[in-house]
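Visitor: Listed below, chain by chain, are the residues.
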Amino acid sequence: MSAVVAEHDDHHADEHHDHGPAKGLLRWIITTNHKDIGTLYLLFALAMFFVGGAMAMVIRAELFEPGLQFVDPAFFNSMTTMHALVMVFGAVMPAFVGLANWQIPMMIGAPDMALPRMNNMSFWLLVAGVLLLASTLLMETGAPNAGWTFYPPLVLQPITVGKALPFAVFAVHLLGISSIMGAINIIATIFNMRAPSMKMMDMPLFVWTWLITAFLLIAVMPVFAGAVTMLLTDKFFHTSFFNAAGGGDPVLYQHIFWFFGHPEVYIMILPTFGVASTIIPVFARKPLFGYASMVWATGSIAFFSFIVWAHHMFTVGMPMAGELYFMYATMIIAVPTGVKVFNWTATMWKGAMTFETPMLFSIAFVVLFTMGGLTGLMMALAPLDFQYHDTYFIVAHFHYTLVPASIFILMAAGYFWLPKWTGHMYNEKIGQLHFWLSAISVNILFFPQHFLGLAGMPRRIPDYAIQFADWNMVSSIGGFIFGLSQLLFLYIVIDTIRGGTGEKVTAEVWEGSSNHSLEWTLPSPVPYHTWTTPPTVVPTEHVLDSH
Amino acid sequence: MNKIKKLSVGVTLMTIGQQAAHADYALNLMQGVTKVSHDIYDLHMLILWICVFIGVGVFGTMFYSIYHHRKSKGHQAAQFHENTTVEIIWTIIPTLILVGMAIPATKTTLELADVQQSEMTIQVTGKQWYWDYKYLNNDIHFESHLDEASEIAHRTKGADPRSVKNYLLEVDKPLVIPVKTKIRFVLTSSDVIHSWWVPDLGWKKDANPGFINEAWTSVDKAGTYRGQCTELCGRDHGFMPIVVIAMEQPDYDAWVKKTSEQQKQKPDLSNQSHDQLVAHGKSVYLKNCVGCHQIEGTGVTGLIPAITASPKVTGGIDPLIGFLQAGTSKMPAFSKLKDNELAEVITYIRNDLGNKVGDEIQPDKITPVYDDDNDEDDKNKVAP
Chain A
0 MSAVVAEHDD HHADEHHDHG PAKGLLRWII TTNHKDIGTL YLLFALAMFF VGGAMAMVIR
60 AELFEPGLQF VDPAFFNSMT TMHALVMVFG AVMPAFVGLA NWQIPMMIGA PDMALPRMNN
120 MSFWLLVAGV LLLASTLLME TGAPNAGWTF YPPLVLQPIT VGKALPFAVF AVHLLGISSI
180 MGAINIIATI FNMRAPSMKM MDMPLFVWTW LITAFLLIAV MPVFAGAVTM LLTDKFFHTS
240 FFNAAGGGDP VLYQHIFWFF GHPEVYIMIL PTFGVASTII PVFARKPLFG YASMVWATGS
300 IAFFSFIVWA HHMFTVGMPM AGELYFMYAT MIIAVPTGVK VFNWTATMWK GAMTFETPML
360 FSIAFVVLFT MGGLTGLMMA LAPLDFQYHD TYFIVAHFHY TLVPASIFIL MAAGYFWLPK
420 WTGHMYNEKI GQLHFWLSAI SVNILFFPQH FLGLAGMPRR IPDYAIQFAD WNMVSSIGGF
480 IFGLSQLLFL YIVIDTIRGG TGEKVTAEVW EGSSNHSLEW TLPSPVPYHT WTTPPTVVPT
540 EHVLDSH
Chain B
0 MNKIKKLSVG VTLMTIGQQA AHADYALNLM QGVTKVSHDI YDLHMLILWI CVFIGVGVFG
60 TMFYSIYHHR KSKGHQAAQF HENTTVEIIW TIIPTLILVG MAIPATKTTL ELADVQQSEM
120 TIQVTGKQWY WDYKYLNNDI HFESHLDEAS EIAHRTKGAD PRSVKNYLLE VDKPLVIPVK
180 TKIRFVLTSS DVIHSWWVPD LGWKKDANPG FINEAWTSVD KAGTYRGQCT ELCGRDHGFM
240 PIVVIAMEQP DYDAWVKKTS EQQKQKPDLS NQSHDQLVAH GKSVYLKNCV GCHQIEGTGV
300 TGLIPAITAS PKVTGGIDPL IGFLQAGTSK MPAFSKLKDN ELAEVITYIR NDLGNKVGDE
360 IQPDKITPVY DDDNDEDDKN KVAP
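So the sequences go chain by chain: A and B. Position 412 of the first sequence, counted from 1, bears residue number 411 in numbering that gives the first Met the number 0, the numbering being contiguous throughout. Position 70 of the second sequence, counted from 1, bears residue number 69 in numbering that gives the first Met the number 0, the numbering being contiguous throughout.
If you are wondering where the hints come from, they were derived from the structure by calculation, not from laboratory data. Any given hint could turn out to be false.
[Claimed, not checked] With beta-carbon atoms standing in for the labels, derived distance ranges:
# : chain 1 : residue 1 : chain 2 : residue 2 : range
1 : B       : 87        : A       : 489       : 43 to 53 Å
2 : B       : 179       : A       : 162       : 49 to 59 Å
3 : A       : 199       : B       : 71        : 53 to 63 Å
4 : A       : 251       : B       : 122       : 18 to 28 Å
For each residue, glycine too, the CB sits at the ideal point set by N, CA and C.
This is chain B alone, in the form it adopts within the complex (with noise of 0.2 Å):
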């Protein structure tokens, strides 16, 4: 089967003539990793067969007629027109297929369902545009975004995606999880309706804004699998994928241990050189602004602002950062931006995107934050 696929899709390159070289070609669902993947794969290739014979069955019929019953062969028209034992044949026939289909399809829908006895929780929640994961046991909690390389060549005209290793389906952090743990998700939103979904998993769950949603799943091969958000959630809805390492239970315990000590670190406040700051910057910038004030900081006609030459990056710093951290009622609230971040996201700001105010700030220099910003819409807004 995977050899058919191959060949026909290779047929298909050598005419098109693109590289083969890095595609990872499928015609048919993914079997996946889980056992209900595996289930809902093999109901998917009955119903598949199911509705191939149907199909071969009535279309041969038709097609035995339409060269058959032609009247360029001289055939005659038959009057009839009824048949009611046909009739109900055809109509009992297929209802007991349909039952024959809703047992085993309603098994699977109980078996998705359950989340009970699992053995941990992870929090998924959708934000424009990148996935947070919180481990309620362990308190690890982290952000996941489109990795810079594929977030750079997405938005520069030109750019060769092909050159791109996992082109849009490379983040930054991926989520973690130990095989054969039954794993609980529960997923929610903050701003829109997103869902999250790794094929490999089998299923996809909407993450609505003020509810929470369960599902739940259990690994049986350790290895990286990929998934896209996919309920539209805005302007960069394609570009917020989701990658889950499965660990073997000794690696994931290791990765836990690694990962709690690193969020327990304190954040680097050391000075930077001016260069480095424009150049952190720009890191931060890609993960948390792009996504609206675009990569050349040029906003979005009449919706978002610019960052170029706008009199609120290029002005006080203080006011700035009372301005990041409080947000508004279009921008939300950075103040989950460590010092030295809005420090190198600051003076990337002020110092490129066709901003040349010349000055830093160094991530010492953050605190205290006041907020004088004088702009009427944010008068009231407090900075936390």
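Next comes chain A alone, as it looks inside the complex (with noise of 0.2 Å):
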């Protein structure tokens, strides 16, 4: 291992001079640099979170009491829909690409991505299109009030969603667009700029779920954007799609857009999945368990994505033999996730753990996104699904498997990498203190709504009826701890960027890691350019039997 550091070190000593960044704001506007464009990918996706949770928060705080207090139920819908569209657009799906950006070439020892030209142009066009979608806000009639599943006949209807519906369109072709560019990339990326020694079976785990997630990428994002336009046609064209008048049918729209729904659930979390397979290792200081089958896992869940999508709609009147077969396709997934949390739950066996802020998000992210998958599972079956679905319930399931889990990961992802980015270690207090809080408070949140979902609470309403007024307060008040907890976050990455503890880290950050993964071979802060010449030794611990 030290053979490789020490031959990297002295090319990167040779070069560095003629090859740093260029100075002042245009940097980081036409970079072509993998660390820059990541950088930016992730301060964005950082800002996104901060706003959709603050959409988050109007929702909570209007959800308080019954009665409206604060927003007139439109708005709450605007605000229900911006929140989704913004997290999974704004947050999620951006800071996973900053990931892959920094983290990829970094960890098949590729100098950069293979097209970085493309790679600016990729970020700049989710800025753009976020940025139309979020200039609704400012519409006399308001944002996107439909649901971010933009449902026909009523994203259509004059009364509800007034001019906002061809920017809404626009940006989703836009932030499809981008989506599209930066799968491109980081599929061409994996396939032919890998270390010459590294095979596909080497690839780190986070290297192998971004490559199905890319593939799932190209394969659904143009589904949504031809949904999407369809729904412009039918309202400005006279097409008649989705219009039963016209000889249309409004259910086909659900199935277009689960088409591509159900697989883009899972573009937010298989990046989770190789995150989590990533720092558990680390911090249990042993190899990954079972590499190979969490790599066909993976696959597995990627291809099962697309022949499951119709559970969303098992109230949409379906016939009962389509019910059936999607209910069975649903439970089959069941089978490779466990598989996921058998071997996360393995690799941590007989370890010799340590808990710094990022296992401890990592563990929190394995036992709360196993409760979201169990009641995933519950909700697979079709009859129970006749009393779950559009309630609190499902707002519990996928908020659990979404914030416990996705953004549980974004956050240990960036205590884990933080350091090796910047060269600076960040307050391991700060950072306990924002996952104690973050994980009770989370629980706090969403926990209750399985309650309010089985009394009969259905999702997506401004007021509802007293019964439900006591756990609609516990999970507010969790809410806004949770909120509020999250600027500890942002706390700790500004000061951890302008110097952290001032503790030196040293190229490996966290004992032994450069057994698991080349990044850790490099310098701390890593340098601008790295592998220009690649790696000759790849770490292959989980595969150290076959080499």
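Using the hints, build the complex out of the two chains.
Guide: So, in structure tokens, the structure goes:
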């Protein structure tokens, strides 16, 4: 291992002076450097996380008590719609693309992404798309308020969605182009730019999960773009794709949407699995258990994501055979997902664990994601979904699989790699405080929503019957604590960039990390250009036997 | 079980300091009052316990490991990273559990889908934002709106929802059905997608415009069962509840007789005083207009015109009648309103909601209706 580091350091000393970043603000606009673009993606995602979070605070404030206190029902619907769109397309997806930009080249021994200029363009298209979407908030008739799923005929109705529809549609187009370009870049990089000695089955699991995710993105983003374009032509060019009066079918839209929508939720969770599989072995000081089965499980989850979409529509009025098929197909996903959870547990088993903030967030992810997965299994059963569908039980389910899963793992990734990126150590005490506040409040926030849903509270309502009052209040209190706690993360990010604890971090940062993945063999902070010559040896701890 | 629920919620209550008097708490799925809803409840409990069992196993192992296999206790890390036998076992066992779950789930799915041999049929039409019920066997047909107390309370700043009986879960005319009778529902919509859900019946079903869905129920126990629309259907999605009253057969027969007779009655078109017209008009307004035009007649900026100071409202009465009956591309036609209701609501909107025309129209002056509305948008519309 040490030989690799030394070789790289020599190289770095020779070349670094001529290839630093451009000076000033222009650096960030015209950059083609994967680290700069990664940083842009991550900071943008963090900003959007707070924007989307602020919308969630509006929702929880209105639901704090029965009765309408703060907002009008249509604005409430705008908030639920925009909260989802901003969090999905503005926060979670870009954050993972940011991680991919930073980490994939460093992990596979590549000097940069395969298509650096396209990389820059895909970031700025993302910004354009999100701004276009956000501009609807300033319109007199308000932002889209028919739910992030844009179901027709509601979304086409003039008295519901005013002038926002075309803006939202074009925003989706821009976001889609951005995502597809990012995905092409990631695939091209992984296939072509690996260190010569790194075989596919030597790649860190984060790289594997992103490779599979990128294929999902290329497959489904055009479908979503097509669906919203059909909305656009229905609204403005008198087509009748989704209008029964013209021979169309509103349910057709739901089929198309969820053909995109279900893979989309795995687009947000597969890289999450990848990061968790990267962090847990480091702090357990053990190789990842079942590397090959992790790759297999990721691939099969991705495959199944294409053939289960209609479980989002069990109550829409499907033929019975359709319900049975989608029920069985959905249940099967529990098997590979279970394999992943068992593998993470087995990775921890008989390790020598320490519990720094990234590990704490990762453990919380495994536990709370499993809870979200188990409720997912419950609603996979069609007859049960006839009760759960469109209630707060569903809201609780998908927030468990997104907030203490994707968001927690993004936090973990931040704590894990910030010292490597910046060369500074974050403040562990504040990190742990952030973890405990988040982990406790996220459960106060979302766990009672299971009760609300089972007791009969529908989702997407701004006001509710009195028997739902108490748990809503508890949930809102949890929400406010969770929201405020995230300011600690913002503080830590800024503090770490500006010097953190002042402690000098080593190349490894975490004990033994260089046994797991290549980036830990690079100096901290990582130089602007890395792996200008590829490494000759790759850490392949997980496949030691075969080497 | 129930006591534990009440107790735990009671503790929460005390800390929050709200009155517990009329709240009906639940933490778990309700068992419901039909065979299907019981089957669903049993299936729910079965899966819940399986999930709890799996969770305890996985989390127990994990926490054992977190406690014992930590570096601070001097535990040395093992370096194993594969075990084919174990991996096969934890693939096969979950698969078998899933097959075990799929069998009862399939049975219940088949049961839910079987609408055959039903004894009566009710057509449910979702509309923004109320339900329309039509008994296909005996011509009973009525609309079911959120009741006035809730309607006013949720639209009034500072109103106390806790003082309203069954806040947001009460309607003016509930759906009445007989017990122990297999009832087929055909569901559709006249505008956007709605979804009809009464948890006690065990299912919800979407009401799609232009298409008809089927579902069925057979209620075991007489009683009142409440539900809500569960598909986002616009600004008042949260305000279109469902109330089903299940009656013993004789009571139901009496209700049918009474309701049919009421429906055959001609509307009372006798003259009313100005104040009566305005007061009754407010009720008509709260049922039919308030969802869009709002409780103070302000409309919604950029989307829905205000009634206050609208020349259409304060101009001639005859064009206004035609306008209400014909509708526009945005506003549905209100030809369903009886002459007395039209007279009442017209008098109301001309003399309240910030308007003061000072006149009135009596029910018997409503007909004949003609449309000489000179608004450009509506020129081609013809009154029915």
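Visitor: Could you run down the list of hints and mark each one as holding or not?
Guide: Structure-based check of each hint:
| no. | hint | in the structure |
| --- | --- | --- |
| 1 | 87/B x 489/A: 43 to 53 Å | 46 Å, holds |
| 2 | 179/B x 162/A: 49 to 59 Å | 53 Å, holds |
| 3 | 199/A x 71/B: 53 to 63 Å | 37 Å, violated |
| 4 | 251/A x 122/B: 18 to 28 Å | 24 Å, holds |
Hint 3 alone, counting from the list given before, is not met by this structure.
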